[in-house]
Each structure stands twice: as C-alpha cells, then as structure tokens.
Amino acid sequence: MAIHRFKCSPQLNQHIQAFSQIHQYDEPEQLLTQFEEWFQKEPIKSLVEQEQIYLSRHNYDLPIDVKIFKSIKYYYIKKEKENTEETVKDVPKRSMVRVPKEVLSQMVETLDRAFLADPTFKPSRLFDARDYPEDLPLPMLKKAFNNQYYQMKHKKYGLTLDV
1 MAIHRFKCSP
11 QLNQHIQAFS
21 QIHQYDEPEQ
31 LLTQFEEWFQ
41 KEPIKSLVEQ
51 EQIYLSRHNY
61 DLPIDVKIFK
71 SIKYYYIKKE
81 KENTEETVKD
91 VPKRSMVRVP
101 KEVLSQMVET
111 LDRAFLADPT
121 FKPSRLFDAR
131 DYPEDLPLPM
141 LKKAFNNQYY
151 QMKHKKYGLT
161 LDV
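Its first residue numbered 1, the sequence shown is counted upward by one per residue in UniProt numbering.
Just so you know, not all the hints are guaranteed correct.
[What the hints assert, rightly or not] Taking lysine to aspartate or glutamate pairs in the EDC-like style, the calculated list, with each CA pair at most 20 Å apart, reads:
| hint | residue 1 | residue 2 |
| --- | --- | --- |
| 1 | Lys-73 | Asp-26 |
| 2 | Lys-78 | Asp-26 |
| 3 | Lys-70 | Asp-112 |
| 4 | Lys-45 | Asp-112 |
| 5 | Lys-101 | Asp-118 |
| 6 | Lys-7 | Glu-27 |
| 7 | Lys-73 | Glu-29 |
| 8 | Lys-41 | Asp-65 |
| 9 | Lys-73 | Glu-102 |
| 10 | Lys-7 | Asp-61 |
| 11 | Lys-41 | Glu-51 |
| 12 | Lys-101 | Asp-61 |
| 13 | Lys-70 | Glu-27 |
| 14 | Lys-78 | Glu-27 |
| 15 | Lys-101 | Asp-131 |
| 16 | Lys-67 | Glu-51 |
| 17 | Lys-101 | Glu-134 |
| 18 | Lys-70 | Glu-102 |
| 19 | Lys-122 | Asp-135 |
| 20 | Lys-143 | Asp-131 |
| 21 | Lys-79 | Glu-134 |
| 22 | Lys-143 | Glu-102 |
| 23 | Lys-45 | Glu-102 |
Keep in mind that the hints were calculated from the coordinates and are not lab data.
Note that this is a predicted model, so its numbers are computed, not measured.
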C-alpha cells in the first residue's frame, strides 16, 4: 500500500511547529536558508532519517525535505498567521426585533389608500409615528414603512418612475 499523504512522527512534528513559530515572519529566501540549516542539525537529521525509513517501507520514495518545507511554509506558518491576525472582529449580533404582522398590515392599508388617492405621493410625508405602537423603535418603523412602500410601488402598482 503506497502512502500519498502522511503525518510526521510526534517528535518531528513538535520540532516543525517550533521552527515555524520562530521563523513565522521571515522572508521566503531567508526561510529557505534557515530551513536548510535547521534540517542538517543533529536531532532533526536523525528524526528525518527515521521518518524516511518508515516511509520507504510503505513505498514512499520521494524526498521528505520538500514535503516538510511545504508543510512548514503553507500549513504551519500560513495557518498561524491567519489565526493570530484579527481579520474580522467578533461583533456580537444584535437581537432581531421584527415589526409585528398587525403593524405591517396597518402600513399596507395606509399605503393602499394613499396609492389610490395619489400614486405620486412620498412615503416620508405620509408616515406618522403616532399611528403605530410606541414600543417599537422609530427608525425601524420608518424603514419598514419605506420597504412596504417600495414593494407595493414596484410589484403591486407597477410604477417604475420616481416622481
């Protein structure tokens, strides 16, 4: 059975992780030279030889140094950078407050009457906060009213020109 993907031994893996943390911010050329020096040091060299023997017994004959360098460069360093950098701040989600259906149906009735009377009216002049419950935030009510207006204007009445 041939090996196509493999995990290094835990001892070698610890050395790989330590090397990648030390050289995380090195330039690619410097990383390569540091890797070549590190790869020839004694504890690493013996661990790599053991790994090479194990892999050759399982029909893996490709050079292991290329595999280790790629794993350091792309898996350990790149993943570590992604985890440490704050790309997106964790913003707590706002609680969703919905406009009740009764209020929406009241808005639709008001807009229907207004469209029948004058199809060129402006929703900002028609909206009156006193017609709706006080416990709902005013900006949310205005937005819901405007959304209902544009939905009705384009879908129900087929008006496309803003007058």
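Do the hints match the structure? See the list:
1. Taken as a hint, the Lys-73 and Asp-26 pair is honoured in the structure, with Cα atoms around 10 Å apart against an allowance of 20 Å.
2. Between Lys-78 and Asp-26, the direct Cα distance comes to roughly 12 Å. Compliance with the 20 Å bound is thereby established for this hinted pair.
3. As the CA atoms of Lys-70 and Asp-112 are separated by approximately 66 Å, the hinted pair breaks the 20 Å bound.
4. Of the pairs offered as hints, the one joining Lys-45 and Asp-112 is violated, with about 81 Å between alpha carbons and a cut-off of 20 Å exceeded.
5. Taking the CA atoms of Lys-101 and Asp-118, the gap is about 25 Å. The hint is violated against a cut of 20 Å.
6. Proposed proximity of Lys-7 and Glu-27 is contradicted: the alpha carbons are some 26 Å apart, above 20 Å.
7. Annotation: proposed proximity of Lys-73 to Glu-29 holds, straight-line Cα distance about 12 Å (limit 20 Å).
8. A C-alpha spacing of about 13 Å is found between Lys-41 and Asp-65, which places the hinted pair at or below 20 Å, so the restraint holds.
9. Using a Cα cut-off of 20 Å, the hinted pair Lys-73 and Glu-102 is violated, with the two alpha carbons roughly 59 Å apart.
10. For the hint pairing Lys-7 with Asp-61, the CA-to-CA distance comes to about 15 Å; that is within 20 Å, so the pair holds.
11. Only pairs whose Cα atoms come within 20 Å are accepted, and Lys-41 paired with Glu-51 is accepted, the gap being roughly 15 Å.
12. For the hint linking Lys-101 to Asp-61, the alpha-carbon distance of about 69 Å lies beyond 20 Å, and the restraint is violated.
13. With a C-alpha separation of about 15 Å, the suggested pairing of Lys-70 with Glu-27 holds against the 20 Å cut-off.
14. For a cut-off of 20 Å, the pair hint linking Lys-78 to Glu-27 stands: about 13 Å separates their Cα positions.
15. In summary, the hint linking Lys-101 to Asp-131 is supported, as the alpha carbons are separated by about 15 Å, within the 20 Å threshold.
16. Using a Cα cut-off of 20 Å, the hinted pair Lys-67 and Glu-51 holds, with the two alpha carbons roughly 12 Å apart.
17. Of the pairs offered as hints, the one joining Lys-101 and Glu-134 holds, with about 16 Å between alpha carbons and a cut-off of 20 Å not exceeded.
18. A threshold of 20 Å between alpha carbons decides the hint, and for Lys-70 with Glu-102 the separation of about 61 Å lies outside it, so the pair is violated.
19. Restraint check: the Cα-Cα separation between Lys-122 and Asp-135 comes to about 25 Å, which exceeds 20 Å; the hinted pair is violated.
20. Distance restraint check for Lys-143 and Asp-131: the Cα-Cα separation of roughly 15 Å lies within the 20 Å cut-off, and the hinted pair is therefore satisfied.
21. For the hint pairing Lys-79 with Glu-134, the CA-to-CA distance comes to about 50 Å; that exceeds 20 Å, so the pair is violated.
22. Proximity of Lys-143 to Glu-102 is assessed by CA-CA distance (about 16 Å); at most 20 Å being required, the pair is judged to hold.
23. Distance restraint check for Lys-45 and Glu-102: the Cα-Cα separation of roughly 75 Å exceeds the 20 Å cut-off, and the hinted pair is therefore not satisfied.
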